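Protein chains: 2
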Amino acid sequence: MAVQTQTIVNGVNVDQLVGTINAIKGNPDLARFKFRAETEWIGGGHSRTRIQSFYGAGAEDTSRSKPFVLEGDEPPVLLGQNAGPNAVEAVLHALASCLSVGFVYNAAAQGIQVDSLEFKLEGDLDLHAFLGLSDKVRPGYENIRLTYRVKSDAPRDKLEALCDYVQKTSPVLDIIRNPVPVTIDLEN
Amino acid sequence: MAVQTQTIVNGVNVDQLVGTINAIKGNPDLARFKFRAETEWIGGGHSRTRIQSFYGAGAEDTSRSKPFVLEGDEPPVLLGQNAGPNAVEAVLHALASCLSVGFVYNAAAQGIQVDSLEFKLEGDLDLHAFLGLSDKVRPGYENIRLTYRVKSDAPRDKLEALCDYVQKTSPVLDIIRNPVPVTIDLEN
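Protein chains in written order, with numbering that gives the first Met the number 0: chain E, 0 to 187; chain Y, 0 to 187.
None of these hints come from the bench; they were simulated from the model.
Identical copies look the same in the list; a pair holds intra-copy or inter-copy alike.
Once the Cα atoms are required to be at most 30 Å apart in a straight line, the calculated DSBU-like pairs of lysine-lysine come out as: (1) K33 / K65; (2) K167 / K157; (3) K157 / K119; (4) K150 / K167.
Keep in mind that this is a model prediction, so the values were computed, not measured.
Throw the hints in and build the complete structure from the sequences for me.
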């Protein structure tokens, strides 16, 4: 009987992580992913997004038996009914979720044990552009401030270096900090 | 007895929308909002975001008695357990949620009745940067494709003009298409 041991750090299977990296080194096309979402308007500011399928690692993923359902809405002061967080709040969630994965996976790869990890985010947004009252103000966030709080036995300089590395490689931080081309079509 | 009538189009209170616009014209500071999120790492790729408070219209909002809770995780092929959509999928949700609000609110302001509105989104992402295997590939989406499907009695050219206008004023589309400064601090 063969005994298999797996290296799990921070809940991350490091053997699988190394295996993934080696597989991609052998076949770079495995790194090409296509992520998807479908959204329907419900009424007023309320919409509902379903997220299930994606393409990656050379195949359509089949791991999700049903879609994740995300509600979007506005608060009453922005004419909605609080059926969900609004779109720019969802951006903050996406950013923290991405940095969390990046931090924890890279910590695991480096053998750094993370005891806890928290993020606080705040973004400044001036509604003049969204309401069509000014074209001198941008519609989106003027800036976003984020603070990490990490508990770990690792020395401070190692954690700081890890933060820096995570910032360089975070997909959502890149999407927010740098331009992404978006093509938009109105179907017939 | 005074009779009050309200103009509701697409579930949007147009009187309130006009009132908001006039209030901001009178006091531009009312347009300054601060949106927030707090995220805690749960384990592996799994994190949980709470969204509740924000500042806007000159005051801290008190409309939400409890936070919205959003789960983030990765699928098994990316070493997670599908406790939620991943961070770059959440970006697609945020984008569609934003365009939905923009389209429906502006349609209401123009007196355009919307019967239904749907979005499909797909983004291409190469994992080489996230996995530290290349610095020639960007970490985030290379591009995002989005299609609208609208049912409305309004003529096609009016809907196209509305789509164009919404693209110019959408906060999340601006955040994705253009650079947003993000400051990140590691707390002691």
